[in-house]
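Chains W, H and C, in that order, are what the protein sequence lines are. For the first sequence, the tail end lands on 543 under my numbering, and the numbers increase by one without skipping. For the second sequence, the tail end lands on 1418 under my numbering, and the numbers increase by one without skipping. For the third sequence, the tail end lands on 2414 under my numbering, and the numbers increase by one without skipping.
No lab work stands behind these hints: they were computed from the structure. Any given hint might turn out to be false.
Unchecked claim - Computed cross-link-like contacts, DSS-like style, restricted to lysine-lysine with a CA-CA straight-line distance of at most 25 Å: (1) K2234(C) <-> K1362(H); (2) K1302(H) <-> K2264(C); (3) K1293(H) <-> K2002(C); (4) K81(W) <-> K1053(H); (5) K1055(H) <-> K128(W); (6) K2002(C) <-> K1369(H).
Quick caveat: nothing in here was measured; it's all calculated off a predicted structure.
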Amino acid sequence: MKTEDNNHHYDVIVIGGGITGAGTARDCALRGLNVLLVERHDISTGATGRNHGLLHSGARYAVTDHESATECISENMILRKIARHCVEETDGLFITLPEDDLSFQSLFVQKCNEAGIRAEIIDPELAKVMEPAVNPELTGAVRVPDASIDPFRLTMANVLDAQLHGAKTLVYHEVIDLIIEQDRVVGVKLLNHHNGEVLNAYASVTINAAGIWGMLVAQKANIKINMFPAKGSLLIFGHRVNNMVINRCRKPANADILVPDDAVCVIGTTSDRVPIDTCDDMRVTPEEVELLLNEGMKLAPSLGTTRILRAYAGVRPLVASDDDPTGRSISRGIVLLDHEKRDGLKGFITITGGKMMTYRLMAENATNLACQKLGVNKACTTATTPLPGSEPKAKKHSTFSFAHKASQGRHGTLDDSIEHGDATSDALVCECEGVSVGEVRYAVEQLHVHNLVNLRRRTRVGMGTCQGELCACRAAGVMCDNENRAQSAINDLQGFMNERWKGMQPVAWGDNLAEAQLTATIYQGLLGIDTLANERRMEYYEI
Amino acid sequence: MATETQTKNVSINNFEQCLKCSICTVYCPVSAVSPAYPGPKQAGPDAERYRLKNKEFFDEALKMCLNCKRCEVACPSGVNIGDIIQAARIKYNSHRPKLRDMMLANTDFVGTMASPFASIANPVLKLKPVKAVLHGVMAIDKHRTFPDYSSRKFESWFKKEVAATQENYSKHVSYFHGCYVNYNYPQLGKDFVKIMNAVGYGVHLLEKEKCCGVALIANGMPKQARRQGEVNMASMRKAIAQGHQVLTTSSTCTFTMRDEYAHLLDIDNHDVRDNISLATRFLFQLIERGEIKLAFSDDFHKRVAYHSACHIERMGWVPYSTRMLSMIPGVELVMLDSQCCGISGTYGFKRENYERSQAIGKGLFDQIKEVAPDCVATDCETCKWQIEMSTGVTVENPISIIAQALDVEKTRKLNALD
Amino acid sequence: MKFDDIIIGGGLSGLTAAISLAQAGHDVAVISAGQSTLHFSGGSLDLLGCDSNGNAVESPLEAIATVSDSHPYKKVNEIEAKALNAKQLLSEAGITTTGNASANHWRITPIGAIKPTWLSVDGMATVPSSQAMPWKRVALVNIINYLDFPTKFLAAGLRAKGVEVEVKPITVPALEQLRKSPSEMRSTNIAKTIERNGLVEEVATAINNATGNNYDMVLLPAVLGIDSSATSDKLLKLISCPAGYVATLPPSVTGVRMQTLLRKRFTALGGTFFTGDQVVEGIFDGNTLKGVRTAKLDDTTLEASHFILATGSFMSRGLVADYNHVYEPALGVDVEDHSLNRKSWAVVDINSNQPYMEIGVKTDDQLRCMKNGEIITNLYATGAILSGHNSIKSLDAAGVDMLTALQAVNNILK
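The task is simple: from the sequences and hints, build the whole structure.
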């Protein structure tokens, strides 16, 4: 770490490199504030990278939570414009099955309309034509403006834009303490996980945007936030069975959303309260797999015969309202805490609750409060300013290679920064997802990539059918620019394969088990990685 | 519920079984000689996931696939890689076929036009200026020699010379002769009739026979292929209803009608498929069941090198033909390495493919020259053109070799026909 | 169709059995559903590389005495003779190897690990000990843009053993042409490009220009010799310094060659090879297997006096795990009991001994399969489909493949 980072003073420090933190850093930077974004692991490691990737229309909340519903549809329309390279406009269906009460449908449509969500009842036969994967026994269908969104891209785009406007980002820097002077938070003490060094950073305002881990951050200032980690498990299937989002038209329940994301589809979620100390390494149980499969098959029966690539789990930061000490009254809405008012601690804000869908609004609220504290009077422009990569573009790409098209899909207009067209850059590293050497180099140079898991989040390396079987080794070779780093690159490779296995192990049957055996044959048998990776630095891996 | 369905865990999307092991790429004859072709794994299962997302991911380079299916034969996981690639071409390709491709693909139409003028067409098609025009205007490679058109179609010969006597036999088969036998090489059809009659089977033509459509599929005309396929299936249903097996002497026609019809053209052939067989297979099975016997003349001696044509390899039927050849006492059989000859029907005729086609076949040609057999045996007619042109060694269908070696009189006696 | 013996599975184990039986004068058929795991070979064959404590084995012959009771080697007699036999069989197929069963030597992996092994295909660079390297100065040659030979890892691995290493990228015009393909600049295409265009001399010149006479050893990616070892041998001779091959990421050119040569040997012995076909049903008569049906031969039953099941493990589809149990898909023979609970197949740490690796078909002490608890008297199982050992951890895959095959042949011929 460069020494100038130590003791530097910022207007704002944002804690947490999830979508809320990244969005807040961007908003602050766009308003001319001098910002530092700190993240203890990688960008989008927590709940941001472990959800459906659903751009909610808000319909899911229309009946139970009008406020969330209106927020969702408003943000939905904004994100389609400012984050077009992260969004795929799929539309969604809310289907009624024979076991559901069809009369819910009219209430649902009415509530959607009240929230400003276009909800159109369509004939079940038409629904089957529009989305052939849907359960053919459906008795009702409503079309809503759901879509899919890539959380990794979205977060990275916010970080990039923050940086373009002067923000500084430190990943793998964990807040180990808040620096408090009298009644004010004046900065944070950071541990650099790469080299073990500790440094201080100072700011007039510190914004805690650390998701569920925000309660631990607040604890460092002896502030209690009543949060409840809720584990949500999901399954990723090997390819898309559906091209529209499929939901159940009933009150929200387990495993009732199936989202097409990139080349896969995702069913989720479960919902279970878990202890906070399990949140850093959550594993999906066989019972959860069973539940997800059984419920998923009701939405799209073909899931029953489709290969499952992985199981994974994220954790929602649920917040109990302050006036309810029992913790029973849980809000799913946005929670903005001004700790000066709430706890008498100045210069400290917590933004939590909410959902990925409303990150921009959360960021706007938090930044408004920060600006107020700083005496800055600048309007928020994040709703109208496109994110980097999302600028409109007319470039024709029918002649591009598979990998070039895939890369353009991932990076939008920023794909122009990637070398294409020469043999060295075009060589494919990851064949399933079409990731070239050029894209890997771009990610390493521009996108805060320190290890293979980072690279995966930026490029999809290793996220395809084979889960890294050949590409991980190739990528490690390409990333290793210096032989002196070969040993740590091999440790990285081993850590990455273990991270991939974490998601495969709960669904290790069928083709997936065969794939796992082939991967083990290659990495352990042929390459002998198990004898080389002498030190397994798993703390890099936040798996 | 999950326990019931994930039990077989076999997706209708067969590419899901792909383990990304890359074995298919080892056996692709195209990717080794042509860097512009993405290879079977990338063109097939890899890109298919993305094509399901957006048809923009379709790549024109898929037309370079020979449809040899060697990737499928090599795949340890049973992925129908070639089918995935061909199906993507059918589904996503928006380009209309060129005149040249339409001409090459319509083998029976062109054959019908050429046969009456065979004495003119054959020499003309060999003339250098004509070849230059074909090469330049039609993009049919000048190195290629069109197979000669026979002046008398097989069908004409059959109807005039032998049709009348076929009812004299007690057992009967139908014969799908294919375009090649009809227009270019009636002798193979005659050989077939000779053998079948000698073992007591009467041969009948189908009520209506159209080209199997393999070339139409390859040249981007699936609709016409489907129409022709339906005609063939209807005729075959009638033959089968009379208790006939439908036999062919071409591995490619057989493969197309048995497998490609259902996999690529959505033709329902389930009731017909099992009754379409290759003549060598049919004969082998009759012999094995003890229903017929063959006798061969003592003075037939040939060193025969067997070439496994791609589509018979895909059908898994090579041993029927080789075991039949091995029954001939005078045959010394050498197995050539199983590899593509590079012609792939009309593919090698196209100017843009000529060099690639010859590069693909080089390994085979070299081996044939090294083995230096009296003749090469193969069950595919287009392999015959390619190998003869590229090596100068005569190529025969196993049926022709059997017919040459057959002692008809003894055979008739053995089968109690005289 | 009738044969003396039918082998289901055309990989190392199946072809070892098939060649051996054909040599004994039998009429043998092999039914092979696609290509084998030889395509992931490192150019070496392991007999036993690690004991149950995870320690490297110096002498496989001695260590085999200590394997657990469930290990397939417990069903193999006269291991030493069979190991010799196996080496001989390979040699007769045109695969000459270095090594013996009394003392392991060491192979170099593509990322620079050193692993104990039994036989290495001639031309592969091997070392006599895991500790001291026999070379001081090594040139590590790679072809430009070939990503499946991670030279930085390999160089670091050798350097850690005290070797001076220099990496030398080379190319020739034909390979520059090939590398225009983003997806197909892979080992076997490099081999085909060099061999089928007669470019061995040109490649040798490029290597010599890069390395001169300055090295104790020139290490090359094993991307030559796809049809036979003629070209790969020739290249080594043309290089001015001593030279040898190191395995690459799959597909393995050396493995493809082994597969091709074994199949050729079998065919030359008069064997019949059913390519790309799959056994879907066994025709049983009491405790005897009469014949098998395949996916492609429709109504033809393939009959034989003896059968060998050598279809491999999960990745070869010799075993199939569904949601709740593991089964053997070709003939439905019995699989070990612990296969019945999915939760017990795989454990969390990727490096641990994964229980699924030890799942396989049940056999009696003569390697005969069982169906519903009854021994099938003429059906043997060999190779990776056998239960009771973890071939990745104990480094014994090829040994089990070949030795159990030879044992089954013995049992058949008895």
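Tested hints:
no.	hint	result
1	K2234(C) <-> K1362(H)	holds (21 Å)
2	K1302(H) <-> K2264(C)	holds (22 Å)
3	K1293(H) <-> K2002(C)	holds (17 Å)
4	K81(W) <-> K1053(H)	holds (21 Å)
5	K1055(H) <-> K128(W)	holds (20 Å)
6	K2002(C) <-> K1369(H)	violated (33 Å)
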